[in-house]
Amino acid sequence: DTAVSQTPKYLVTQMGNDKSIKCEQNLGHDTMYWYKQDSKKFLKIMFSYNNKELIINETVPNRFSPKSPDKAHLNLHINSLELGDSAVYFCASSPPGGINGYTFGSGTRLTVV
Amino acid sequence: GDSVTQMEGPVTLSEEAFLTINCTYTATGYPSLFWYVQYPGEGLQLLLKATKADDKGSNKGFEATYRKETTSFHLEKGSVQVSDSAVYFCALSGEVYGNKLVFGAGTILRVKS
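If you read the sequences in order, they're chains A and B. The first sequence: position 40 = 40 (our numbering), numbered continuously. Each number in our numbering comes from the position in the second sequence (counting from 1) with 1000 added on.
Excised from the complex, chain B in its bound form (with noise of 0.2 angstroms):
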């Protein structure tokens, strides 16, 4: 079945910092591909999304590309801030099975100033 896998956590990083968060897929077909955030103690927001291969998705600093060689899906900060600390999921939406959205693990993400 349809599955997604993505980098343990915790990453901790300092204000400013580079961040990737790596993601790869197991799907039948051509899925579309998310990344959605969670802060502490609320629901989930979708960050950004690409719905073909080579599509770029980005929002609020955050980018990634959908790379049907690799299979991949990595989320990519330029300069991260502490209100970005967060939980971020990958995740993608099949062709079968009613749409439904497939989740990776979550990556917890520490920025300390």
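Next up, chain A with everything else stripped away, as it sits in the complex (with noise of 0.2 angstroms):
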């Protein structure tokens, strides 16, 4: 079973549009990640979650909105998407203090147009 999955794998969209991404672990951790990949490869972090609360809230516009119903789950919501949101999202969940490293999902690869 994969650990840490994100749907869309792929999200093709226009200008202005509302859209969301949604991840799930099974892996009983409970600290979240979202984080983006730009097109030169850059990663970086946009939010973290620990067991349902904001713990990290990067310097992100605010048409960005996570949510995490429980402590398995941690969506993604952007609201009025710019040609400049286009890149890849990952989702990451690790268990507390992070020492081990993070398990990440496969990616979902927004395309704004």
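Keep in mind the hints are simulated off the structure, nothing from the lab. Please note: incorrect hints may appear among the correct ones.
[What the hints assert, rightly or not] When the alpha-carbon atoms are kept at most 25 angstroms apart in a straight line, the in silico SDA-like pairs for lysine to any residue are as follows: (1) A:K40 / B:T1020; (2) A:K36 / B:S1085; (3) A:K40 / A:P69; (4) A:K40 / B:V1011.
[Claimed, not checked] To list a few chain A residues with every Cβ distance to chain B over 12 angstroms, as calculated: (5) E24; (6) I56; (7) T111.
[Stated by the list, open to error] Here are some, though not all, of the chain B residues that point toward chain A, as calculated from beta-carbon distances under 7 angstroms: (8) A1017; (9) P1040; (10) R1110.
Yeah, the Cβ is synthetic: ideal placement off N, Cα and C, and Gly gets one too.
Assembling the complex is the task here: the two chains are given apart, and the hints tell you how they should meet.
Next comes the structure, spelled out in structure tokens:
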């Protein structure tokens, strides 16, 4: 079974639309994350939740809103999509402390046209 | 804040050549250090890790040693294969701020047969 699963894998949408990306982990981890990977492969953290509570909120436009209904799920909703939002978005999870690293999902490639 | 610097790529090698990808870091306290690998079209996979000074992480023929005196965590492999072609990311997980994983910019490795 996939440990961290994201849907959809590909998302093509027009500017101005609202879209959501879903993430689920079955590892029993307490902490989940969203990362954005740009066209140059650079990875930057966006959000982190620990047991449904927001603990990291980097400088991200407020058009991006994460939601964690339980500790196994962390969804990302994006309003009023812009061309610059085109990227690959990765969900990840980790046990407390993070010293053993994260487990990443396979990514969602978002293309805004 | 915490940061990771790794050598720019792409690095192009012939099969069976020796690989070194340099990584240095800046962090408060004693971070854990990681190497992740991203194969084309896939998510990130943890390759190896080290949690304290002088630890050596190893996996699949890759090695890296946590050098606190030089704040480095260079990745090495004695004999690369075509299947090692991927993007390699050095990362650290600090002691503060939710243990977020901070990534280097990634190094593209291309191995020719």
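Is the claim that A:I56 lies outside the interface with chain B correct, judged by CB distances over 12 angstroms?
About 5 angstroms separates A:I56 from the closest Cβ of chain B, which leaves it inside 12 angstroms; violated.
Chain A contact restraint on B:P1040 - CB to CB distance below 7 angstroms
violated, 11 angstroms
Agreement of hint B:R1110 with chain A interface, Cβ distance less than 7 angstroms:
Because about 14 angstroms separates B:R1110 from the closest Cβ in chain A, which is outside the 7 angstroms limit, the hint is violated.
Closest C-beta approach of B:A1017 to chain A relative to 7 angstroms, hint status
Violated, because the Cβ-Cβ distance from B:A1017 to chain A comes to roughly 23 angstroms (cut-off 7 angstroms).
Is it true that the CA of A:K36 sits at most 25 angstroms from the CA of B:S1085?
Measuring from Cα to Cα gives roughly 22 angstroms; hence the hint holds.
Would you check whether the claim that A:E24 is not at the interface survives, using Cβ distances to chain B and the 12 angstroms cut-off?
holds, 14 angstroms
Minimum Cβ distance from A:T111 to chain B greater than 12 angstroms, as the annotation requires:
holds, 15 angstroms
For a C-alpha distance cap of 25 angstroms, please report whether A:K40 and A:P69 respect it.
Outside the cut-off at roughly 32 angstroms; violated.
Check whether the Cα positions of A:K40 and B:V1011 lie no farther apart than 25 angstroms.
Distance of about 15 angstroms is within 25 angstroms: holds.
Would you check the hint for A:K40 and B:T1020, treating anything up to 25 angstroms between C-alpha atoms as holding?
holds, 21 angstroms
Comparing the model with each numbered hint stated earlier shows that hints 3, 6, 8, 9 and 10 do not hold.
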